[in-house]
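> Order-wise, the sequence lines are chains A and B. If you use numbering that gives the first Met the number 0, the first sequence closes out at 240, no skipped numbers anywhere. If you use numbering that gives the first Met the number 0, the second sequence closes out at 112, no skipped numbers anywhere.
Derived by calculation from the structure, the hints in this document are not laboratory data. Don't be surprised by glycine CBs; every beta carbon is placed ideally from N, CA and C. Treat the hints with care, as some may be off.
[As the list claims (entries may be wrong)] Sample of chain B residues with no beta-carbon within 12 Å of chain A, all distances over it, derived:
1. Ile-26
2. Lys-83
3. Lys-100
[As the list claims (entries may be wrong)] Below 30 Å or equal to it, Euclidean Cα-Cα: the simulated DSS-like pairs (lysine-lysine) are:
4. B:Lys-100 to A:Lys-115
5. A:Lys-60 to B:Lys-44
6. A:Lys-75 to B:Lys-112
7. B:Lys-100 to A:Lys-58
8. B:Lys-44 to A:Lys-99
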Amino acid sequence: MNIDTYAVTLNNALNEIKKAYPEIKKSFIFTKEGSIVTGDQETDEKTMKKILESFENLKEKTKTIGNLTGFYITGKNGKLMLSNIKDMYLVLATSENADKLHIYSITQVIIPTLLKTLDTIAPSIQLTPPKKLVVDTPSGLFADDSVQIDTEILRECNNGELTENTGPPVHVKAALTADQNSQESIDHVQIETFGGNSTLCNVKEVNDQKLKGKNMIRIPEKLCKTLKISEGDLVKVKPDL
Amino acid sequence: MLSKKAKTDVEILQEKLQKIKDQEGIIGYILRGSESASIDLKDTKKIVEYAILSSTAFDAGSNMTETLQMGEVDTIVVESEETKILSMNINNHRLSIFMEKSVDHNRICRSLK
Numbered sequence: 000m001n002i003d004t005y006a007v008t009l010n011n012a013l014n015e016i017k018k019a020y021p022e023i024k025k026s027f028i029f030t031k032e033g034s035i036v037t038g039d040q041e042t043d044e045k046t047m048k049k050i051l052e053s054f055e056n057l058k059e060k061t062k063t064i065g066n067l068t069g070f071y072i073t074g075k076n077g078k079l080m081l082s083n084i085k086d087m088y089l090v091l092a093t094s095e096n097a098d099k100l101h102i103y104s105i106t107q108v109i110i111p112t113l114l115k116t117l118d119t120i121a122p123s124i125q126l127t128p129p130k131k132l133v134v135d136t137p138s139g140l141f142a143d144d145s146v147q148i149d150t151e152i153l154r155e156c157n158n159g160e161l162t163e164n165t166g167p168p169v170h171v172k173a174a175l176t177a178d179q180n181s182q183e184s185i186d187h188v189q190i191e192t193f194g195g196n197s198t199l200c201n202v203k204e205v206n207d208q209k210l211k212g213k214n215m216i217r218i219p220e221k222l223c224k225t226l227k228i229s230e231g232d233l234v235k236v237k238p239d240l
Numbered sequence: 000m001l002s003k004k005a006k007t008d009v010e011i012l013q014e015k016l017q018k019i020k021d022q023e024g025i026i027g028y029i030l031r032g033s034e035s036a037s038i039d040l041k042d043t044k045k046i047v048e049y050a051i052l053s054s055t056a057f058d059a060g061s062n063m064t065e066t067l068q069m070g071e072v073d074t075i076v077v078e079s080e081e082t083k084i085l086s087m088n089i090n091n092h093r094l095s096i097f098m099e100k101s102v103d104h105n106r107i108c109r110s111l112k
């Protein structure tokens, strides 16, 4: 099972829950590491990111009393429930008169059972946030439109992605690792800026020794302009497998 | 006249808090107004951390309700494995009550309204 299958399964569940319980206005799931897994079709990414940002700050401060297991808000026009289920957090925004039994069945029965089932099918699933790298722009002529990343960093990115520990190991591109037995390759990476711009581009091993072993990504100037970023900015990078 | 009424309301609230504080499982409370604050916590070493947590809970609650257009915040509950916090706005004061997880925060909430 890959990341998409996992997310699609949960996405289907959230959409079906929303149909069955109209009092659910928005719902989404993210990991304890802060990666959004999926949300129902009416919850946009901007909303999810804003909620997640506030939550991450709260989670940090809650360490004073232990690990955050739940966060509940009653507002004048609705309720927000953020519950810890296994290694995930489920966010439910409901109308003010949402049925407690419905909420209980979603947070304590349906989603936990589904996560348990997914865990049984694909044990040791790990979702981690994309690698954050510092942008470096090459001076002089740059031969092509590929970005350059150190092999080790790319390997770390790869290990951080959703993989099945029981399945065959995923290797980075043979050309990068000199591993002739590679079964899967990374020749593209998804780059996302903190401003919300993203693109898929070719990736090559960095050829500048000064950048080896550093959390840096060399991006051609033209691509930097497209992504509206400049040297020294942080970007999120994940391999496109 | 208005300020005298407000002061009376706060005094009533503090009386209620004194009673709540003595209940089993209550760790303490922080009541913060625009000009003053009263803090009563069993573990005085954690006053700063608890005050920051209380403030962060209010900020997170406010940001999230604004994002989701849920209107003004009525109550906020933050839960950890063993402890929870009930936060609410009363008479223009921010109140956070720290308690053990087993305490019925709904009952406390009702007694304060």
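> Now look at each hint and say whether the structure bears it out.
Status of each hint after checking the structure:
1. Ile-26: At roughly 9 Å from the nearest Cβ of chain A, Ile-26 (chain B) sits no farther out than 12 Å, so the non-interface label is violated.
2. Lys-83: violated, 8 Å
3. Lys-100: violated, 9 Å
4. B:Lys-100 to A:Lys-115: Between Lys-100 (chain B) and Lys-115 (chain A) the Cα gap is close to 25 Å, so the pair holds against 30 Å.
5. A:Lys-60 to B:Lys-44: Holds. Lys-60 (chain A) to Lys-44 (chain B) sits at ~16 Å (cutoff 30 Å).
6. A:Lys-75 to B:Lys-112: holds, 15 Å
7. B:Lys-100 to A:Lys-58: Judged against 30 Å, a Cα distance of about 17 Å means the pair holds.
8. B:Lys-44 to A:Lys-99: violated, 38 Å
Hint compliance for this structure: hints 1, 2, 3 and 8 are not met, and every other hint is.
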